[in-house]
Amino acid sequence: MSSTLLSTSQYAVEIMATLAFAASGLIEAARKRMDAVGIGVVASVAAFGGGTLRDLLLDRRPLFWVDNVELLWLVLGLTLLAIVFLRSRHLEITERAMLWPDAIGLGLFCAVGTQIALELEMPLLVAAVMGVITAIFGGVLRDMVCNEIPRVLSDHRPYAICAFIGAWVLIAADRAGFEDWASLLLAAVVASSLRLIAVKLDWELPRWRD
Amino acid sequence: MSSTLLSTSQYAVEIMATLAFAASGLIEAARKRMDAVGIGVVASVAAFGGGTLRDLLLDRRPLFWVDNVELLWLVLGLTLLAIVFLRSRHLEITERAMLWPDAIGLGLFCAVGTQIALELEMPLLVAAVMGVITAIFGGVLRDMVCNEIPRVLSDHRPYAICAFIGAWVLIAADRAGFEDWASLLLAAVVASSLRLIAVKLDWELPRWRD
Amino acid sequence: MSSTLLSTSQYAVEIMATLAFAASGLIEAARKRMDAVGIGVVASVAAFGGGTLRDLLLDRRPLFWVDNVELLWLVLGLTLLAIVFLRSRHLEITERAMLWPDAIGLGLFCAVGTQIALELEMPLLVAAVMGVITAIFGGVLRDMVCNEIPRVLSDHRPYAICAFIGAWVLIAADRAGFEDWASLLLAAVVASSLRLIAVKLDWELPRWRD
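Residue numbers (the numbering used here), protein chains in the order written: chain F, 1 to 210; chain L, 1 to 210; chain E, 1 to 210.
Hints are supplied without guarantee of correctness; some may be wrong.
Okay, derived cross-link-like pairs now, DSSO-like style, lysine-lysine, Cα gap no bigger than 30 Å in a straight line [as the list claims (entries may be wrong)]:
1) E:200 x F:32
2) L:200 x F:200
3) L:200 x E:32
Taking CB as the label site, the calculated pair distances span [unchecked claim]:
4) E:99 x L:193: 29 to 39 Å
5) E:202 x L:31: 20 to 30 Å
6) E:81 x F:204: 20 to 30 Å
7) L:76 x F:178: 27 to 37 Å
8) E:203 x L:80: 10 to 20 Å
9) E:176 x F:181: 27 to 37 Å
10) F:189 x E:172: 32 to 42 Å
Calculated from the structure, these hints are not laboratory results. Note that the coordinates shown come from a computational prediction; the quantities given were computed from them, not determined experimentally. Glycine included, C-beta positions come from ideal geometry on N, C-alpha and C.
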């Protein structure tokens with residue numbers, strides 16, 4: 001079992017990623033007109049799903065949200081706030097609203113997941129896969145729980161592949177001797193930007209011929 | 001890794017909760033007209049899903065059903081019995097039939113899950129979350145495997161929140177110096193009763209305005 | 001935590017099973033006209049899902065695909081090959097195409113999963129259950145991710161039960177003093193053949209009366 005001590009920059013990235021995915025969960029739950037508990041469940045599942053699976057696969061205990069309980073309180077508070085605030089308004093929430101928090105969470109989680117796996121001396125491809133799993137699994141659970149086909153499979157625009165590229169950017173930066181925080185920042189920016197650009201420019205992945 | 005030794009009262013609660021959720025799985029599988037294997041799978045998933053995820057998250061090994069194999073035999077026997085018994089009859093199984101086993105399993109699993117997490121000196125909110133996860137995850141898997149939106153999200157009546165309240169009752173009883181078995185009983189009765197009352201009186205959770 | 005050292009025959013079986021399930025995932029993804037990333041995700045989930053859950057439940061680390069990274073590269077390569085090769089053709093892929101890889105993977109994974117659990121001195125029923133989980137969980141994830149009801153529940157022909165029988169064959173062979181590789185071979189052949197025969201002869205599991 002490996003220690004789960006995070007560096008300051010890793011901790012900052014983990015908080016921001018958790019908040020970004022919690023926001024994406026709140027938005028999806030609001031769009032589905034879920035009740036108060038459903039909103040909390042979807043936000044939690046999106047925020048904590050990817051990191052929890054990463055920690056299980058890498059056998060890191062205590063889990064990141066057990067070691068940093070303030071993350072749980074934060075998401076709980078955010079949910080209550082969202083319920084109070086949003087219920088009082090007639091908001092039209094479009095699917096586009098999810099783009100930014102989802103893309104930012106994707107980049108941050110892929111960077112921190114890959115770096116943690118590297119520190120545990122995982123083979124490079126395994127580290128990249130851990131980054132991708134951290135980045136996409138929260139969103140997969142969020143979509144499955146909302147009874148949608150996971151975005152990563154139905155979107156037809158690059159999603160998982162942005163995280164995969166970001167993971168290799170982190171690995172390259174790490175090998176090139178960058179500081180930890182600089183590698184995190186670079187990888188997260190590359191992955192998130194790629195996703196945002198892909199959606200704006202409507203890039204499509206190759207598909208089967210019909 | 002932590003020992004999985006259970007006190008006698010925890011063991012009794014774990015058995016009853018497992019049987020209650022196995023029964024809820026049998027009922028749902030019967031309503032879906034599943035075949036013999038499907039019935040066994042749904043009953044097992046409902047009975048063992050929540051406790052298994054709890055043990056994985058808390059890194060408790062051997063898992064509770066590995067340490068207490070008689071639980072596996074019990075659910076296997078129950079499934080065979082159900083197949084033989086129910087096939088010979090023209091039973092009309094309504095959704096209401098699931099209410100009692102589901103509510104009882106919810107209360108028992110939330111109580112024992114929270115107590116186990118407390119013994120491992122988890123922070124209080126984490127202990128409560130572990131209780132809720134133990135209580136609801138078996139039902140979530142049961143519903144997902146049957147291709148239904150999980151009850152916890154679609155029901156619009158308090159479900160997870162009953163487990164959350166029950167978990168805090170256990171924590172309060174524990175802090176107040178109650179005996180272990182008394183805390184378990186109190187928390188389970190509170191959580192199960194809340195769920196039963198909520199359904200009978202048709203309480204609804206707050207939702208988004210349309 | 002237990003070592004994940006595999007004997008040569010276990011390693012060979014694990015590779016073949018992984019490739020067989022990867023192929024089943026490629027076929028299902030192709031039938032669903034998924035894009036390139038979707039194909040990779042479905043193939044990986046099918047190939048690694050069962051063994052990963054087995055390793056998590058048995059607390060074996062590093063996971064089999066971390067200890068044998070060449071498996072990851074193999075599935076990645078297979079996916080790229082499939083994309084390049086299949087896109088250039090107008091293949092009509094029928095559901096029957098999945099029968100063979102799925103049945104072979106089922107037999108191989110059930111044999112190796114049961115044997116690994118036996119080596120860890122699990123109770124016999126637990127070892128059998130681990131074999132079944134290793135054998136079916138990749139397929140369950142593959143089907144869920146493709147938004148289909150898992151084959152194990154919807155097929156109405158023996159599937160999980162073939163793995164269950166294969167697991168007991170392995171246990172019996174082990175008790176009878178067979179060499180490890182002979183037990184593996186025997187159990188895998190029994191389980192896979194049972195599944196193939198069941199489909200060819202259209203055996204049906206007992207169902208509820210209507």
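Results for each hint:
{"no.": "1", "hint": "E:200 x F:32", "in the structure": "44 Å, violated"}
{"no.": "2", "hint": "L:200 x F:200", "in the structure": "50 Å, violated"}
{"no.": "3", "hint": "L:200 x E:32", "in the structure": "44 Å, violated"}
{"no.": "4", "hint": "E:99 x L:193: 29 to 39 Å", "in the structure": "51 Å, violated"}
{"no.": "5", "hint": "E:202 x L:31: 20 to 30 Å", "in the structure": "26 Å, holds"}
{"no.": "6", "hint": "E:81 x F:204: 20 to 30 Å", "in the structure": "21 Å, holds"}
{"no.": "7", "hint": "L:76 x F:178: 27 to 37 Å", "in the structure": "55 Å, violated"}
{"no.": "8", "hint": "E:203 x L:80: 10 to 20 Å", "in the structure": "19 Å, holds"}
{"no.": "9", "hint": "E:176 x F:181: 27 to 37 Å", "in the structure": "60 Å, violated"}
{"no.": "10", "hint": "F:189 x E:172: 32 to 42 Å", "in the structure": "58 Å, violated"}
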